[in-house]
Amino acid sequence: MTKLTTTITHNKLISGQYGDIAFGPWGLECSDQHSFVTLTDQPRNAKQVGDIWHLFGGRIRIAHETRRPTPNTIGLKLCIQALDNILLQDAVIRLIFDTTAIKHGRIADKTVHHTNSDKYRLHPTNKVTLIGQDGATISVSLDHADGAGRFDPHMYLRDRDDHWIIHARLLPSDPVDRVWLRWANRFFTLSAPDWFSTFLWRMAPLKKLLWRLRERMGRHCPEIQAVPLNRLGAGQSLSMEVTCHFQ
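Residues in the sequence shown are numbered consecutively from 109, following our numbering.
These are calculated hints, taken from the structure and not from any lab test.
Keep in mind that the hints are not guaranteed to be accurate.
Claimed, not checked - Pairs of lysine to any residue residues, derived as SDA-like cross-links and limited to a Cα-Cα distance of at most 20 angstroms, are as follows:
| hint | residue 1 | residue 2 |
| --- | --- | --- |
| 1 | LYS111 | GLY240 |
| 2 | LYS235 | THR181 |
| 3 | LYS120 | PRO151 |
Here the structure is a predicted model, which means the values were calculated and not measured.
Turn these sequences into a full structure, and let the hints steer you where they fit.
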């Protein structure tokens, strides 16, 4: 029987192994228009004081948990509470797996092979599966999601560099409170005026085209896309629970 081994420190999975399949680190993410919160990379324009994060648009309290409920499962929980009224892009539970021992992935009944496309294959689904070269199956399920009536649950499967990346994600639902139309590159980020972004968003064909365009099209697409944001009122919370099954 294949053994699942993990290193979990301060409620964060640092690394893990299941047979030949290596994974980690795992964590969380959250963004407003100008700040980016993460536990596995470098935060931007965000300062952490205990469990409170100070973003450009306001303060949030983050509670998260990583545990081993059974020998072959890992459970992750995330709760983000707004301490001020704040416009948010998303809330994310993030899982990373090395590609070496994984044959392919599946999401929304579609098989995905790793081509380093960096496409975010985003769907309103609650399950993503990875199939190992040795026949092992890793299933990531979104068991619970509460978007405070303003955010809807999604999952995505992404093939980037030498990793598979899986996100359980809460994204703004319509009608959105703000649309951020941006063009970004390594030198600068240009943002369209709010009135112009909203004007384009109200035209269904352009909304469909521009909504997270770079994420959908992959690494060869210019860094241009429309990103909606919704307001989370002070005292309101976003929460998710994810289970990763190894078999």
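Results for each hint:
| no. | hint | in the structure |
| --- | --- | --- |
| 1 | LYS111 <-> GLY240 | holds (14 angstroms) |
| 2 | LYS235 <-> THR181 | holds (15 angstroms) |
| 3 | LYS120 <-> PRO151 | holds (16 angstroms) |
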